[in-house]
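Based on the hints, put chain B in the right spot on chain A.
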Amino acid sequence: MSVEWFDLAQRLYAARSGVPVQRLAYTPFRPAAVALAVRAVPRGVATTVTVSAAGTGERAGSGRAALLLLAESGCGFGGPDPPMLLTDTPGTVAALAVLARRHATDADPRVGAAAAVCGWWAERAAHPGTSVVVDLVAASRARYVLGTDPGTEHRAGVWRRWLGVTDDSCTGLHEWAAKIGHGPLLPMLASVHDDDRYSFGRRRDALLAGYDWSRPDTPAVAALGLRSRCESAELWEAALLHDPLWRHRAVHTGHVTLGTVATSTAPARRRGAAVVCDRLDSRLRAGAQVCGWAGSLDTVPYDRFHAEVRAADVAAGRLVLELSGIGAHAPAAGAAVCLIPQPPSPHTLRATRQRYRALYGQRSWLSTGHTPAPRRAARRAARRADRRRRGLTQLTPEAPPQLSRKASDPMRIRTPARPGAPTPRPASPAPAAAPAPGAVGAGWPGSELLRDPVLARTLFSVWSGDPAVVVPSPPGAGKTRLVGLLAAALAHRADLRVSISAQTRAQAVELARRLSAVLPDHGRAALIWKNNTPAPDTGGIPVVSGAAVRWPRSGGGILIATTARWLYADPATLAADVIVVDEAWQMTYADLGALGALAPQIVCVGDPGQIDPVVTGDASRWAASTTGPHLPAPVALLAAHRSAVGVVRLRHTWRLGAASTALVAPLFYPDLPFTSRRPPEHLSDRSGAVVPELAHRAVTVTAGHTDPALLGACAERARELLTATLTTGRGALPVAAADLAVVVAHVTQAAAIRALLADQPDVLVGTANTLQGLERAAVVVLHPLAGYRTAESFALDAGRACVMLSRHRAHATVVTDTATPAVLTAAEDGPRLSAGKRLMDAVLTTATV
Amino acid sequence: MDGNEIRQLRGYAERVLTGTGIGLDDAEAVIAGGDTSAVAVALRAGWRCAADPVPALPAAPESEQGGAR
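Chains A and B, in that order, are what the protein sequence lines are.
For the first sequence, numbering that gives the first Met the number 0 gives the first residue as 0, with consecutive numbering after it.
For the second sequence, numbering that gives the first Met the number 0 gives the first residue as 0, with consecutive numbering after it.
Everything labelled a hint here was simulated from the structure, so no lab data went into it.
Think of the CB as a built atom: it goes at the ideal place given N, C-alpha and C, for glycine as much as any other residue.
Just to be clear, a hint being listed does not mean it is correct.
Residues from chain B that face chain A, not an exhaustive set, calculated with beta carbons under 7 angstroms [stated by the list, open to error]: (1) Q7; (2) L8; (3) Y11; (4) G18; (5) G20; (6) L42; (7) C48.
For the chain B half of the interface with chain A, some residues (derived, Cβ under 10 angstroms), not all of them [stated by the list, open to error]: (8) A12; (9) T17; (10) W46.
If we strip away everything but chain A, and leave its shape as in the complex, we get (with noise of 0.2 angstroms):
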């Protein structure tokens, strides 16, 4: 990224004129009425505390007499707006923090008034744009740069003296908030500070309410708390944007997106245009929601368009994005545009949160977090009463639960082995192989889960009324599959509602068409697409929007749809019997607890190796919690309710060999060892040699992870790939460009890998998040920390490795750089460090293309 190139010479010229540069024109934060100035430091079992408030000196106490201070110093409930904390030391927050859980319910209003308002600044400051905790160091580094290392940006002293702030006491930062908070507040920032003000009068209440405000999160609490910080950092990150300045240096890290319109479609009513962009580093693709302008960077005018990226191609070495659905203000062919992406909407995001909240308060047994008592044969009977009500088939304790409707029909699960017992290999090598010996014969809905007995355990699982079940699988073991067998078993011979909830809407497209492949009647089951979109193929399946989201008047049905859609959605209307989550592991625990609104069990079926939810919100109040809401929902569930949770692993891969099952199992799956039936598939060279199954190719890197050098070897070694013979079970052929992808970490890498392979518009270049889900025969992958001189936190994420390795069924090449392992051997020790240096010998020891 070149934002390097560009901070630099803001340092040097900072450096050359002796004063800081500006970053953002608008400053982060308001000045408040009343502000504290206070350092904090933990002292033994106590905590010094040394507080100023404007225009007095500075005064110290420690422990319950320094909230007694805070207090005289207006930390309180008194005025009509939140007091604002200023400091510079960054233990402060968390030091009041500590101090105030321990006077939390003392007997002195003063005291307990001081102590809430300290803990509600330790939740505020988890809230990027918030007005009412300033970190002063962190604020000016936001605001200017200096002509220092920026490594000494972190050291108050230095702001000091470049800001000219002699007083280095309490009193003093004052001063330097005036210094660095002139001028308007950034553009969308009053709505965190609506929260702040509405977060303060429910803290107040919950005072005078008698409510004790230090007790640990529920997990409707949590849930919320985390929602309110994912949803202030969306708006700090798109208020940044509307900074002028920010804006210029944002063409550098590919936030900003500048071009010239190539052709302009007007239809009746939405257009369409074809943007050229200056720069193949644009962060935006194919599905995101932009808003444009014609004309400069500079301002941001009232005429402003928003669309939708259709495509982003790369054709004559220049990335071309097709914009989709421009309603007012389309540019015009020929004009200059800068694109950003959409900022969120202040207003959506309140009434998400009320949805939220809505769901949280049905109160199910996930949103309280009361375990439901293991009662199997309790749910039975309780179903077994339901069924007869609705005049259906009787299950007996005695016997394997019946899924027909008809007495008379033989069809069983067979009785599902103990947990923990060795799982007997199937019959056949494929999934869908023959009936098993004993299984029942095929002919409804998801009878083929039968044939395997971990699959049919799954289904035992979820019938005998398991409140929750999860499904760790490996890469490659049918989970897609599954969910769909799974559902539409349950749907047509159980009679249930079921509703799927994916991840992604390409995710729900795909579990759809899996879907219209399984069901006889495609009537019985729906996706739930956006309105006003076009409706995708899902090879039958209705698609519905609006008010046609309903479930089928009698009997048992299925509704298909994001989890993002399912959080929108009414329990009233669209509670379901069973709702399965499909790639759950990158759901968070906090969504899961919002979806159990909507049924009393949960499936959730998916692959723990993989790259964790994203949470844009800072989480680190539930660092050390074992269900925090940020956390894997599969994992948290399992923290948090075991005795409530049927498990059952899947063991097999069917899509990666031998190779490479042996390199990523222990790596990524320690606690899911499994094995590989993949079918014999290989690639053979030119001369008709096979190639090995794993395989790496060291480049010698000089300019970081964009390296020129280190994206030619990834197109060069795809290139050599699309000369060789692909040998699978139904003969050889050449190897296709659909056969093809180049896997990366960074987004920047794939623009510029895709526009190397622009004449191959079929491989398939993409980063570890956008290919979870996917395979190919043949994989190039370049190492995430190619091109780094330091071990990144994110280029050591494991999941973003174990996607990146296991996309692969025929081959996968590894594109090293030659320093990586002496960056890896200098970094300090931690467990992702371990990891990082285990798969880095791992792949070394491949052979050399």
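Just chain B now, kept in the frame of chain A:
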């Protein structure tokens, strides 16, 4: 700026410019020149932004979309 800060900034600059073919002492000449390489364009943009920050800002009223109007 003290001598230590200058040394640290020089070290940082040399790290950032490694592999670009531009030395720290050439940076200002590259900025003033007409080179269109990625590094020259980025250096020039950063320098210009520092030298000519946006002169006047409207106080930004909030819209429903949250942007300046």
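Hints, one by one, checked against the model:
no.: 1; hint: Q7; in the structure: holds (4 angstroms)
no.: 2; hint: L8; in the structure: holds (6 angstroms)
no.: 3; hint: Y11; in the structure: holds (4 angstroms)
no.: 4; hint: G18; in the structure: holds (4 angstroms)
no.: 5; hint: G20; in the structure: violated (10 angstroms)
no.: 6; hint: L42; in the structure: holds (4 angstroms)
no.: 7; hint: C48; in the structure: holds (5 angstroms)
no.: 8; hint: A12; in the structure: holds (6 angstroms)
no.: 9; hint: T17; in the structure: holds (7 angstroms)
no.: 10; hint: W46; in the structure: holds (4 angstroms)
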